[in-house]
Every structure is written in structure tokens, then in C-alpha cells.
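Number of protein chains: 2
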Amino acid sequence: MLGLMQDYPLLVHTVLDHAALNHGEREMVTRSIEGPMRRYNYRDLRVRSLRVAKALQLEGVGIGDRIATMAWNTDRHVETWYGIMGLGAICHTLNPRLFAEQLIYIINHAEDRILFIDLTFVPLAEAIAAHLPTITKYIILTDDEHMPETSLANAVAFETWLDGADADFSWASFDENTAAALCYTSGTTGNPKGVLYSHRSNVLHGLMCNQPDVLGVNSSDNILPIVPMFHANAWALTYAVPTAGASLIMPGAGMDGRSIYELLDTEKVSASAAVPTVWLGLLQHLKENDLELPWLKRVLIGGAACPRMMIETLENKYDVEVIHGWGMTEMSPVGTTGKMKNSTMHLKGEELIKLKLKQGRTPYMVEMKIVDDDGNELPRDGKTAGHLLVRGPAVSSAYYNHDKSILLEGGWFDSGDIAHIDELGYMQITDRDKDVIKSGGEWISSIEIENTAIGCEGIAEAAVIGIAHPKWTERPLLIVVRETGSEVSENEILAYLDGKIAKWWIPEAVEFIDEIPHTATGKIQKMKLREQFGGYRF
Amino acid sequence: MLGLMQDYPLLVHTVLDHAALNHGEREMVTRSIEGPMRRYNYRDLRVRSLRVAKALQLEGVGIGDRIATMAWNTDRHVETWYGIMGLGAICHTLNPRLFAEQLIYIINHAEDRILFIDLTFVPLAEAIAAHLPTITKYIILTDDEHMPETSLANAVAFETWLDGADADFSWASFDENTAAALCYTSGTTGNPKGVLYSHRSNVLHGLMCNQPDVLGVNSSDNILPIVPMFHANAWALTYAVPTAGASLIMPGAGMDGRSIYELLDTEKVSASAAVPTVWLGLLQHLKENDLELPWLKRVLIGGAACPRMMIETLENKYDVEVIHGWGMTEMSPVGTTGKMKNSTMHLKGEELIKLKLKQGRTPYMVEMKIVDDDGNELPRDGKTAGHLLVRGPAVSSAYYNHDKSILLEGGWFDSGDIAHIDELGYMQITDRDKDVIKSGGEWISSIEIENTAIGCEGIAEAAVIGIAHPKWTERPLLIVVRETGSEVSENEILAYLDGKIAKWWIPEAVEFIDEIPHTATGKIQKMKLREQFGGYRF
Chain A
1 MLGLMQDYPL
11 LVHTVLDHAA
21 LNHGEREMVT
31 RSIEGPMRRY
41 NYRDLRVRSL
51 RVAKALQLEG
61 VGIGDRIATM
71 AWNTDRHVET
81 WYGIMGLGAI
91 CHTLNPRLFA
101 EQLIYIINHA
111 EDRILFIDLT
121 FVPLAEAIAA
131 HLPTITKYII
141 LTDDEHMPET
151 SLANAVAFET
161 WLDGADADFS
171 WASFDENTAA
181 ALCYTSGTTG
191 NPKGVLYSHR
201 SNVLHGLMCN
211 QPDVLGVNSS
221 DNILPIVPMF
231 HANAWALTYA
241 VPTAGASLIM
251 PGAGMDGRSI
261 YELLDTEKVS
271 ASAAVPTVWL
281 GLLQHLKEND
291 LELPWLKRVL
301 IGGAACPRMM
311 IETLENKYDV
321 EVIHGWGMTE
331 MSPVGTTGKM
341 KNSTMHLKGE
351 ELIKLKLKQG
361 RTPYMVEMKI
371 VDDDGNELPR
381 DGKTAGHLLV
391 RGPAVSSAYY
401 NHDKSILLEG
411 GWFDSGDIAH
421 IDELGYMQIT
431 DRDKDVIKSG
441 GEWISSIEIE
451 NTAIGCEGIA
461 EAAVIGIAHP
471 KWTERPLLIV
481 VRETGSEVSE
491 NEILAYLDGK
501 IAKWWIPEAV
511 EFIDEIPHTA
521 TGKIQKMKLR
531 EQFGGYRF
Chain B
1 MLGLMQDYPL
11 LVHTVLDHAA
21 LNHGEREMVT
31 RSIEGPMRRY
41 NYRDLRVRSL
51 RVAKALQLEG
61 VGIGDRIATM
71 AWNTDRHVET
81 WYGIMGLGAI
91 CHTLNPRLFA
101 EQLIYIINHA
111 EDRILFIDLT
121 FVPLAEAIAA
131 HLPTITKYII
141 LTDDEHMPET
151 SLANAVAFET
161 WLDGADADFS
171 WASFDENTAA
181 ALCYTSGTTG
191 NPKGVLYSHR
201 SNVLHGLMCN
211 QPDVLGVNSS
221 DNILPIVPMF
231 HANAWALTYA
241 VPTAGASLIM
251 PGAGMDGRSI
261 YELLDTEKVS
271 ASAAVPTVWL
281 GLLQHLKEND
291 LELPWLKRVL
301 IGGAACPRMM
311 IETLENKYDV
321 EVIHGWGMTE
331 MSPVGTTGKM
341 KNSTMHLKGE
351 ELIKLKLKQG
361 RTPYMVEMKI
371 VDDDGNELPR
381 DGKTAGHLLV
391 RGPAVSSAYY
401 NHDKSILLEG
411 GWFDSGDIAH
421 IDELGYMQIT
431 DRDKDVIKSG
441 GEWISSIEIE
451 NTAIGCEGIA
461 EAAVIGIAHP
471 KWTERPLLIV
481 VRETGSEVSE
491 NEILAYLDGK
501 IAKWWIPEAV
511 EFIDEIPHTA
521 TGKIQKMKLR
531 EQFGGYRF
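Line order of the protein sequences matches chains A and B. The first sequence lines up with residues 1 to 538 when you count with this note's numbering. The second sequence lines up with residues 1 to 538 when you count with this note's numbering.
These aren't lab readings, by the way, just hints derived from the structure by calculation. Quick caveat: nothing in here was measured; it's all calculated off a predicted structure. One or more hints might be untrue.
No distinction is drawn between identical chains; accordingly, a pair holds when it is met within one copy or between any pair of copies.
Said to hold, decoys possible - Using 25 Å as the maximum straight-line C-alpha spacing, the simulated DMTMM-like pairs for lysine to aspartate or glutamate come out as follows:
(1) Lys297 with Glu321
(2) Lys297 with Asp319
(3) Lys383 with Glu508
(4) Lys297 with Asp414
(5) Lys348 with Glu461
(6) Lys317 with Glu59
(7) Lys317 with Glu126
(8) Lys526 with Asp319
(9) Lys348 with Glu531
(10) Lys137 with Glu367
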């Protein structure tokens, strides 16, 4: 027997309707690519998004069409985002930091029809345009006055293009499982793979991220999403913030410490979200200029493990709560957040920081477990590490135009991470599964050795890989880039590690190199390191 | 094109799984019907709920079967609730305050198979059992030791019955639109009508109620749901609280000021929800015993308009935030909550109290509008009143076993209330549509006159009805019950009203009676008053 409640599909544009009607006076503030600050409110945002939808419809765009954006977090990007989705088309956010050949692959694989780009990325688009046969139009997110000379075929200024459409348009209505957005993940191996979000998954994920123990956005907040919209939905903030009626402050291309500080201060930002690198830049700017953060109450930090120093400085010196998080593009992306709970509120000092260094716990709608190589569930004891599997309504079941199902038995998605989970549900990533070192039947966390080694004076960067070993299967090799001028030695480093990690985790050897290879998004390419040290013997 | 996210149905028992796994250590505390406090945690709750499901399955209960409960808010009621729903059966909560003939009608209309009852209600069940042919078993929510003598056929103590089932049971899995719970509304006219919630609507509604601007439950909260589970899902708290991992404090049958205070104090309750009557009792107890509320941070007050004095006393004297709310059984039930927002944070004194007296604004997933008699939408100006229509995934589309659709064009549900909405989205109920007085083409709010009149010394209760008038169509008649010993006169009352309400709202006459008729749930029966004053002429 079915319930008798309304058949009311969860569609992302209803979020915008809600914000415009109930929080229409709330501002959206943007540091424009052209320079000056721009400000309007949710009513304006909705009207302009409706116009984008109508203008796209006039271009012949309809349900299921892929429309790409390559843009910073700005008002125009949000209008484009909602306009595309509100028409039932698919908003395909491109990461401009990818290598050109990856972008070409992705755009062709998605068969994008139109590309919206910021002024910043016109040269990049020009360089690859010859390889993009499906793109029939380039809409540059600016006005005629700032329109550059360009070799792009069929290029038009966004504002000019938008002038062709009024707001007399009704959002399309369709099944909530309809695809809404597309975002490719760039793994360390193989071609990028497309994650295809649905309206339902995005709405549910937004509601989840507004729960008090995640980011807990309320209508009095001023939220600064520094994490880009092309980085897995700006961690849900472009949905979660209008859902709550909070103000949306958009940083544009200004990701440096000074620009971020200026927004935090003038816009009285109460919460923000970004990767550790951004906070490093901000902390440096604060220190150099002896500044405070009187408005900022909490920050979500993820994308990479948050360093201890960053947590300590933000919390103790600036009184900003650090919410350490973990997620994946395939998870929309939020998986865990490290808010304190009743049983951890009393923690102080070293115990507190140890908990804060964990990636946190799952909100309702994310299921998580760890399993061994044979798929047996492992205990939640805070020590035993296993393959981290996840499940939920905002977790991928397949990649775009890939036949292969990516789910294990029971519908679990393998995150590719190795982690342990404690009794209270706090999870800590200890490795990528490809990077874990199997020594004598046990696992050694390459990440934990790296994080410890980086504390040793003279080390600029560290990477640990497993090297085949006749007796132990594998043993860890520590690869180090010295800080300029440092002559730190193998013995000094090993002595530093002694007592800080388990004795049997101490690397067999230390090798010094000039540079560690990275992916376009800044991750260490251990595969390349393993190639480089392919014939290595201890 | 559909998105490629997981097909993950929103089922209420996944809430319990989440709570048991991630907040398993959090307590559920109950003032038992037998007397002593009982405490266990979410892990225990889940195990016992699984046992209820298994025991029901052994009784032959399956998907779609209606299983009734007549019980206070206790651990055993929650176990029964989740056990029934986790099997795919429908948990039908009965309001023991209804008249016997209404209960008989409801149970027969729902064709309930089993009735779970608290010790308190055994005499009530015995009195009506002869009229309940579909009930084959009475499970009394106690143990053998406390089992009463009873004439109920097939009566068994809950704990004894539960002993027959272990927890080796897997929740059923099914379409998220499957019916989960049934709750009848008792209108002032006609037979009660059954609202049939689905798993999806209950989960979504729970997530909605945990949003920061609704009740904002977090994992450190200790929540006391005083509003009964038979009163429209305890305002979602039996879903919302485990979703957030907060502790659940259950008051059992102790609804008086002393009992409530004791729980607030010993269990360090941080938030609670109840109708105004309960808070009146608590405030009196606090005053008489010179007590404070050091732990309580916020309360949700709804079910009836919250009196001004109550808001002022709770907020100013006891430093407890009052969240005034409005909803309906047909809305799961939460429709609006009156949290401050960015644009109202600065309000103080009279402006603040005026806003707090409004019923509040809608969270995302509740749509609301006001229309005139012809269905034309009216402006949100805080003055113009109209029929209040609502829409959303947790709003009814039909009643159980009633053929008639109850939705207007566009899928709107008419709340039956008359209200205005201001520019910031705050709604205020001004009347029931049946009670509004149409005078000279304009509407007069009977509720506003009543609320004003009640402030006049000597008036114990007041009701206003419209009386036919040759020139103005209708004019208001004020019906008053004097306080014992008072001799307040018509002229004194009219003089009191002068200047406090619009001149043309001043009642044409005042009539004094000994008693105003009420429904079983305490609402004024204006229909009866209109009958009583049927031949009245000014």
C-alpha cells in the first residue's frame, strides 16, 4: 500500500524558488572577474536564471543536453548553473586546472553543445577549440564592454546573449531522477570518468549538508564557498545556501589570502569551505598583517587532509571552528564531517586535536563501512584499517557512458581509500588502496609516515611507496624533497621518525629527489614514483 | 536522461540503523508508565525494534497491514513504531483523548489488526472492545509483573510477547512511497479522516525539521518530545532526533509541570516541543517553586497560537528561545517555524514580540501561498488575509479510503486557515475559513477579536461568530464566559476593545453564557455556537 502524500519531485530549481520567495531580500555578492564587486539578491538571481533557461531554450537546448561551464564561483556561474538545470539540461562543470588533453577528452566524451567561460579561460578555450567539434557556441561570462578579441567561433558576451530572453519562463518539471549535473573525476590512472548527479541526489545532498552536524547553514549566515563549483558542486553549497536562505558570497578568481580576507571582513562571512591550500594562504596573510577574524565562526576543510597546525591556529588563535571533512566527486561530494558530539565535547588538548585530525563521521544518508581484502566487515575500533565502502542516495552507481557497474555486492561503492573508524563513528583515512604498503601480512599507512616525516626540519615534501621485499612482501621507502639549503640526512630523518610511528613502519631507506610528480589537481602521482623507483632494491 | 546516482529508498528504519551505528551510545530515557525511569541507548532501541518486527511477522503481519497503538511517548512506543514500519506495516497512532465513538469509527475504518496499548488505556480499550471486530490481539505495553486483570480478549504483556522473538531479522526493503503511518484528524465536522504518511514523506519531513531554522537538532542535544507520538508524529521528533543522533527523553504519562520540570532538570534537556497548555503548567510550577531552566535552550510551541505572555516569560525570564510553529496532521505536521532571520535579528521589544506571535515561515520543502475566494494569489504584505494553501512532499494528497482528491488545481492543499504573510515570509493565522466574518466585502478575524477580548479583566473565555446582517452581510457577535465572580458588562468590554482593534471590527453585541463548547482536543466548537445562536438578531 502506498502512502497518500503529494507526488512532489525534488528538483534543484525549487531551491531557487524557495530562496527567492522566502529570502528574496538576501544578497548574493560577487567579486567579479572584471574587477569590481557586484551585488544583488535571490529574487534577481531567480529572474536571471529563468532568463538563462529561456535563452538556452531559444538555442534549441532541451532535456538531457550537456552544457558546459568553465568558470569561477560568481553570480553569473550560479545563474548559468540553475538556468541549465531548470530547463532539464545537464550542467557540466569543467575544471580549468586539468591538462588540455584531459579537457579535450572530457568535452568530447560528454558531447557538450555550448561552453560558458569566464574571461580568465578564453586563452585556454582558444587553445583547445579546434579539438572540440561538438561545441557550437562559446558564451563568455561578461558584457560587451569587457568582451575580448577572440578566435573562438560563435563567441558572444553573456549579457548580450541574455538580453535576448526575458524571464517569462516556467521551469520544466520532470522525474526527480533526471540528470542535473556532470562532473568528471581525474583519477591518477586512465581517462577521467563522468559523475552524473540527479536532481534528487543534489537536493537530498543539499539538505544533508545543512544538518546542524554538517555545515548547519541557517538563514542568518553569510557563506563564502571558496571551493569551486567545478570541484564537485562547491561541496553542495550552491544548493545548501539558498535552501537555508543564507547569503552567498562568491570569491570569483580571487583565491589568494588578501582577497579572501577582504571578503571575510567586508561581507561579515560567518562560514566558509575550502581546501587546506587556501587556508594556508589566508593564515599567512593574517600573520603578516596582524589581522583577526571577528566574523568567521566555522570553516569546512576537505579535499586533502587538514594539517594539524592549521586546525590549531584557526581554532586557538582565531577562534574559528574547523570542521574537517572528507568526500569524493562520486559522493556529491560530502561523506563525513568532524563535528564534535556529545561524547567528545569534553576533549581538550592532544585528545581533541587527534579527533579533529580524523575526517569525521557520516550524517544520515551516508552509510559507511570498512572491509578486508575479502569483503568481510572490520570492527569499528579506531585501529583496524580496511577498504572504505560507502552507500547512499547521493553516491554514484555508475559513470557516464561507461557500461560497467561500479558497485560491489549490496550496492556499496569502494572509495579507493583505506581507513579506520572508531567506536563513535569518526573515520580516519590512512591511505589510498593503491598506496598502502603490505608488510608481513599487515598494512602500513604511507600517508601517516608522510605526515609524520613532513614535521622533520629540512623536509619540503615527502612521499612513501612500497618496494618489493623478499621476506616482508613490501617495505616502505621514504622519498624526500629537501627544503632549499637543507642537507638533512637519511639518519637524521630516521632518528626523527623513531618513536613517532610504529617501529616496523620505519622506512627501510630514504631517497632524496629534486621534485615529486603531481597531478593537475595537486595530488602526488605515486604511480609515477613507483615507475621511477621500479628497479629499486633495499 | 536519468542521473547515475544510487537507487536508495528513503525508509524510516534506515534512520534507526544510522542512529544505532553512529550514535549507538546515545541514550533514550523514559518515564515509564509503571513509575520508575528506564534508560538504554540507540543500539538497544534498534535491537528491540527488530524484535518487534520479527514478533509481528510471526503473527502473520506483513506489508500494508494496519497495526494500532494507543500509548504515551515511551521507549516501548518507539520500539513498536519502528518495528511496525520496518516490517512494511502501517503504524496507526490513536489519540486516546478522542470520544469513544470516534475511536470506534477510526479503528474500524482503518481495519486495525492488533492494538498496542499503555496500561493507562486498558479501561478505555475494554469499554470499546466489543465494537472492534478487526482487532485480534491486545498487546499491553508492560511486563507480566505489571499485567492487569483485563476483559480484553487475547491480551498479552508486551515483554512476554517480545520474548518470543530474537533480533535475527532484516528490515524489509520496498518502494519509499510505501505507507508507513496513519493518523486520523478530528475535524469539527464529519467523521475523522485518515492521513497516510509514506516512508519517503516521513524521512524528508524529519530532515526538514532538523534544518537549523526549524528545530535544528544536533548530536549534542537532549530532546524531550512532550507533544505525543499520536499527535502527528510527535512533530517529526521520533524521526528527526535519531537522524541527528541526539538523545531522546520520553515523558510517558507525566505531562504536568512538576514531571516535565524534573525531566528538563535531571536529563539536561536542551530542546523540547509541546502545545501551549503544557508550557502553562510548567511556568506555573516554576513560579510556585522559584525554579530556573538552566539547560533548556529552545522550545517549539504549536498546535494552538502561543500566548504573548508565554513567549515573554520563557524568553525574558528563563532565557529560553520560543520557536512558534504551525502545522497540520496533513502536513506531517510542520508547516512554519518562527526563527529569526538576518533581517529580523535586530528587532526588540514590541516589534520582536509581534513577530514572535506570528506562526513563522516555511522551510524548504513546504510551499505556501494565500488566495482570495476565487483562487487569485494575494500579496505578501503582512496585511491582506486569504485562504492558506500549501504544497510539498510531506503534504497529503488524499485521505485513507476516501475517493475524493483533496487537492486544488496546481496540487495545492487548502489548510482551511485564513492567514496573511509578510514580505519576509512570516505567516500569521487570522482565522479558520469557516469562522471568518465577511462584513461589507471585507474579512474580520474572529481570532484576533477573541485574543484581544481575553485581555479584558473578568473574561475567562471568548468566542466570536458572524451573525447575518441585512446591510453588511455579517457582523461579529462576541460570546463571553465571565470569570467566576466577575460582573463585567457589555459596555465595559466594548470600551476595552475600542482602539485595540479596527473600529469596524468592534462586535455588534456581547452575549454572556456559562460554557463554550469544545471538541475532544480542546478546540472551540464554533459550529455548535452558531447553532446555539442560530436565530440571533442584532
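Now the hints, each set against the structure:
Taking the closest pair of Cα atoms, Lys297 and Glu321 come within 25 Å of each other both inside a single copy (6 Å) and across two copies (21 Å). For the identical chains of this complex, Lys297 and Asp319 are neighbours both inside a copy (7 Å) and across copies (23 Å), given an alpha-carbon limit of 25 Å. Taking CA atoms no more than 25 Å apart as the test, Lys383 paired with Glu508 passes inside one copy only; the shortest distance there is 23 Å, against 78 Å between copies. With identical chains, the CA atoms of Lys297 and Asp414 are never at most 25 Å apart, being 34 Å at best within one copy and 41 Å at best between copies.
In this homomeric assembly, Lys348 and Glu461 never come within 25 Å of each other (Cα to Cα): the closest approach is 30 Å inside a single copy and 55 Å across copies. With identical chains, the CA atoms of Lys317 and Glu59 are never at most 25 Å apart, being 53 Å at best within one copy and 62 Å at best between copies. Proximity of Lys317 to Glu126 under the C-alpha cut-off of 25 Å is found in neither arrangement, the shortest distances being 46 Å within a copy and 67 Å between copies. Taking the closest pair of Cα atoms, Lys526 and Asp319 never come within 25 Å of each other, the shortest separation being 36 Å inside a single copy and 57 Å across copies.
Proximity of Lys348 to Glu531 under the C-alpha cut-off of 25 Å is found in neither arrangement, the shortest distances being 44 Å within a copy and 68 Å between copies. Within a single copy, Lys137 and Glu367 get their C-alpha atoms no closer than 42 Å, and across copies no closer than 37 Å, so neither meets the 25 Å cut-off.
Comparing the model with each numbered hint stated earlier shows that hints 4, 5, 6, 7, 8, 9, 10 do not hold.
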